[in-house]
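Q: In case you want the letters, here they are:
2 protein chains.
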Amino acid sequence: MSKAPRTAIVPTREEDYPEWYQQVVKAADLAENSDVRGCMVIKPYGYTIWENIQKNLDQMFKETGHRNAYFPLFIPKSYFEKEAEHVQGFAKECAVVTHSRLEDDGAGGLKVAGELTEPLIVRPTSETIIGASFAKWVQSYRDLPLLVNQWCNIVRWEMRTRMFLRTTEFLWQEGHTVHATREEAMEETRKMLDVYATFVEDYLALPVIKGEKTPGERFPGAINTYCIEAMMQDKKALQSGTSHFLGQNFAQASQIKFQNQNGVVEYAWTTSWGVSTRMIGALIMAHSDDNGLVLPPKIAPEQIVIIPIYKNDEDKKAVLEYTNSLAKEIKSLLYNDEKIRVLIDDKDLTSSERSWFWIKKGAPIRIEIGPKDLANNSVYMGTRTREPNEKSSITREEFLRNVVTELEQIQNSIYQKALNFRTNNSPNIDKTEDFFHYFSPINAEKPEIHGGFAHSHWCESEECENKIKEDLKVTIRCIPFEAIEEAGKCILCGKPSKRRVVFAKAY
Amino acid sequence: MSKAPRTAIVPTREEDYPEWYQQVVKAADLAENSDVRGCMVIKPYGYTIWENIQKNLDQMFKETGHRNAYFPLFIPKSYFEKEAEHVQGFAKECAVVTHSRLEDDGAGGLKVAGELTEPLIVRPTSETIIGASFAKWVQSYRDLPLLVNQWCNIVRWEMRTRMFLRTTEFLWQEGHTVHATREEAMEETRKMLDVYATFVEDYLALPVIKGEKTPGERFPGAINTYCIEAMMQDKKALQSGTSHFLGQNFAQASQIKFQNQNGVVEYAWTTSWGVSTRMIGALIMAHSDDNGLVLPPKIAPEQIVIIPIYKNDEDKKAVLEYTNSLAKEIKSLLYNDEKIRVLIDDKDLTSSERSWFWIKKGAPIRIEIGPKDLANNSVYMGTRTREPNEKSSITREEFLRNVVTELEQIQNSIYQKALNFRTNNSPNIDKTEDFFHYFSPINAEKPEIHGGFAHSHWCESEECENKIKEDLKVTIRCIPFEAIEEAGKCILCGKPSKRRVVFAKAY
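Protein sequences appear in the order of chains A and B.
The numbering of the first sequence is the numbering used here, which starts it at 1 and goes up by one.
The numbering of the second sequence is the numbering used here, which starts it at 1 and goes up by one.
Derived from the structure by calculation, the hints contain no laboratory data.
Virtual Cβ for every residue (Gly too), placed ideally from N, Cα, C.
Incorrect hints may appear among the rest.
The list that follows gives simulated cross-link-like pairs (lysine to aspartate or glutamate, EDC-like), each with its CA atoms no further than 20 angstroms apart [to be verified]:
id	chain 1	residue 1	chain 2	residue 2
1	A	Lys469	A	Asp434
2	B	Lys77	A	Glu115
3	B	Lys328	A	Glu63
Listed next, with one range per pair, are the computed distances between beta-carbon atoms [as the list claims (entries may be wrong)]:
id	chain 1	residue 1	chain 2	residue 2	range
4	B	Ser352	A	Lys136	22 to 32 angstroms
5	B	Lys311	A	Glu187	26 to 36 angstroms
6	A	Leu320	B	Asn466	49 to 59 angstroms
7	B	Asp315	A	Gln59	26 to 36 angstroms
8	B	Lys391	A	Thr64	27 to 37 angstroms
9	A	Arg386	B	Lys328	36 to 46 angstroms
10	A	Glu390	B	Gln259	30 to 40 angstroms
Use the sequences and the hints to build the structure in full.
A: The structure is reproduced here in C-alpha cells:
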C-alpha cells in the first residue's frame, strides 16, 4: 500500500527536482503551457508577480534617469544583418514573417499570401531596430547621454523550453543607452548591473554574484558582458540579468554618430541590459519547498491572507465584521512604502483547504479568524516560512503592532536561507580530481544532483573552458568582481592564474 | 516676400489639417515613422502619455474586478479559422510567421529556413488564443465570471497608416471575460464601455457619445458592438474604444463550457473590449492648436514646467535655489490624488526658446523665474490654454494656494471647449437635401472640411447605410444610447424610423 503524500507537492525536490518545479508552477496557478510551440500563458497570479517586478524595477530605472519608449516588433532582415556577430548569434532561432495575409485555398481552408519583398524578423532583442532610431536622435554631444528602456515581448525559437526559464516568447525589459565616451558607457553598464543586483537581492530575496562573462559567453556583438548569477536549490546557477558594454560595434552598424565638443564627428558608445520573466523562474526555484511556492513579501501578490471561519449565519456576520475591520486596519499600515496587500478568502471551502491553497501559492502570512478569536480579540497566525501547522494565537493589538516587522523578518529570513545555502555549496576547489568528483553525479539516476558553485582557478584559455564544458557540462558562470587577486593554477591545465572564477552547471 | 509664420506649427489646422497633425506629433516629439512598413516608434514623451493612460485605466479595470494575464503572440492558423466571421474579418491583413530561422544563402547573405508545419498568425486580436486557455480554466459555474485583461502589442497589416491613428503594429489592452448568463455578459459589455467613457471624458477631457454599432460595423464574430465616438477638430469622428458582446459564438468556437448549478453543461457567454494607442491620436487631434500639443493636466507627462532665468553665476545660484524650493513645495501638493508632476528646465537655451519648447509639448502650466521674481517673492506664470504671451506675475504664496484649482480649471476648460465644439457641430438634420449639402465639401481643394455629426433618422436598412457610405463617405458612427424615441423618416429613403443615429465622416 502506498503512503499518502506528506507534502502538498508531489514529487518532492529530492525525488525529482525538474518535475517538482513544474508542479509548483501548477499548484500556485502561475502559468501553463500553450498549444503554441514553446509559448506559455502567464496566468493572473503569475502575471501579478511580474507586475510587482515591473513596477519596482521601472521606478529604479526612472530614478537613474531612464525613460521608456516603444520600438517596432519587426526587424527587417537587412537591419539584422548589420552586425555580423550579432546576426550569427540569433539567426538560428528566430521567427520570420514572410507573408501579410491569408486567402482562400480553394479547398475550404486558408493559405498564406501576400509575400513580403523583405522578410521581417520578430525581435529576439532590439539593438539593431533601436539603433536605427538612435542614429536619427543623436547628432551632437548635447544629445548625450541617451537613456532609454523598453518593456516588451521577445521571441527566440528555443528547442527545449521550460515555463519561465526558457520559452519561445517571453516578456522582458531592454535598456539601450548611448554615450559620448567609453568611460561613461562602461559606467552605465556597471551601474545597471548594480541596479539588477540590488533589485534581485532586496525584492526577490535572492543573493547574487556579480561578475564578468568569459569571452565565449558574451552577448553576440558585445565587447563585455556582465551578469548576476544566483544559486537554485538543485545547486545549479541561473543567470538573472545581464548588462552589455557594446563599445562602438552597434554604433558603427547603425551609424550612431555625434559631433563632439571640438566639432569632430565620431561614433558613439552604447550599452544594453535586460532582465526577463525568467526572474520568476529563479524566484520559484530558489525559495519554494515541498509544499509549494514561497514568496518574499515585497513581491507577493497578497502579503496577508485572512481566512474567516464560521458555522452558522450568526457567527458569519460577527466573524466577517471582525475580519473586515482587521483587514482595514492592516491596509492602513505601510510596508516597504506601500499599503500592505491583504486579501480575505471567504470561499466556500474548509479552513484547511483554504489554508493549503495559500500555502501552495506562497502567501507570506495567513490568519485564521473564528468565533473564538472574536471572544479573545485575537488572531490565529501562521507564516509561509514556518511549518504549515506551526500557528499561534496572539492578541489583535500585538499582531497589528508587529506585522510590519514580521513581514520584514520573513523577507530577510528567505534571503538568509538562500544565502546560507549558497555559502554551504560554494567551496574553493584546487585539485583537478576534486573538481571532477565534485561535479560528477552522485547517483546515476539523479544527474541533476551535483556540486554547487566551485570557486577555482582558470588560465583564461578557451580550450580549458570548453573542455570542462564538454566533460562535465559545467560552465564558467562569471569572473566575480569580488574575486581576490591571488596566485593559483588552472584547475584543468595547471597554468598560472590570477584569480578564481565561478564554475557551475546552469539553466 | 513670404511672411514669417505666426504659429509654431506650419501648416495651421485651417491650411492643411492632416499635415498639421503630423507636424504636431513631430514638434511635441511624440513619435516617428520607422523604416518598418506601417510601424511607428513611440518616443519617450509620447510613451509617457501612454504610461499615464495605462496606469489610470489599469486601476479602473482592477477596481471592477479584472486581473491581468499574458497569452501567446502567435495564433496557430487552425485556431484562427475556428470562428468563420472572425477569420474573414482579419485574414486580409495579418502578419504570418512561416519560418523559424535564417541560414547562409551561399552568397554572403541569409535566407529563410526551418519552415513551420503550421503557419502562425501574429495576433490581430486574441479571442481565439485566449479562448483556448479559457476552455481549460472554466469547468463549473463556480469558475465564473472570469475577468481577464491583457496589455500587449497587436499587428494588423494596414495599407494606409498614420501615426497613432492607424499603424500596422500598435499597443492596446484587450479585456476578455466569461459569464454564466447572457444578462451578465451584456452587463459586463456595457459596464466596460462606461469605464472607457468615464476615462476618456475625465482624463483625456474628451466628450464621447456612447452607443451601439450597426450590424455592418460590428467586430467580426460579435453579436453586438458598443462604442464611444469623439469629434476631432476637423469634425470627423474617431472611435475611441469598443466593447463587444460575443454571445456564445466564441465559446462555441473555443469550446468554453461549464456545468451550471443544475449540473447541466452549457456554453458560456463571452465579451471582449479594447482601447489602444489610437487614443493618443484622439487626444492630439481634439485639443491641439496651431502652436502644438495641448494636454489635459491629468494625462500630461509634466504638469508644471519651471524655467529659471539668469545672466550671471550669482543670479544663477539664487534663482536655482528659489526654483528648487518652489518645485519642492509644488511636489508636496496633490492633484487628482497624485503628487503634482513638475520639471525644472534649465537647458542652455533662451527663456523664449524653452517656453516655446513646452508650448509645443503641451505642458499645462509654465512658470518663469528670474531675479525680479526673487525680489518680489513672485512667479511669472502662463498656461497652455491661454495665449502664449498672456502671462502674469502673482505672488508665490497665491500661486501655491491656487495651483491645484488652476490645474482643475485647465482640465475642465479643455473638456468644455471640446464639448462646445461638438455641440456646435451636431445638428439634427431631417431633409435629404440638407444632409447631402451638409456633408459635401465646401471647398473642392479641402475635402476634409465637411459637416460634423448629423443626428438624423435611419430606417435600419443596410441598403441606405451603404448608399450613404458610397455617396458621401459618411458612416453611421453609432445608435446613441441617449437617442430619444421619436417618430421620423429615414434621411435617405423616407421610411419610418424610431430614433436618430449619428452620421459622420470618420478616422
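Q: Hint by hint, note whether the structure agrees.
A: Do the hints match the structure? See the list:
no.	hint	result
1	A/Lys469 x A/Asp434	holds (16 angstroms)
2	B/Lys77 x A/Glu115	holds (17 angstroms)
3	B/Lys328 x A/Glu63	holds (16 angstroms)
4	B/Ser352 x A/Lys136: 22 to 32 angstroms	holds (26 angstroms)
5	B/Lys311 x A/Glu187: 26 to 36 angstroms	holds (34 angstroms)
6	A/Leu320 x B/Asn466: 49 to 59 angstroms	holds (58 angstroms)
7	B/Asp315 x A/Gln59: 26 to 36 angstroms	holds (35 angstroms)
8	B/Lys391 x A/Thr64: 27 to 37 angstroms	holds (35 angstroms)
9	A/Arg386 x B/Lys328: 36 to 46 angstroms	holds (45 angstroms)
10	A/Glu390 x B/Gln259: 30 to 40 angstroms	holds (38 angstroms)
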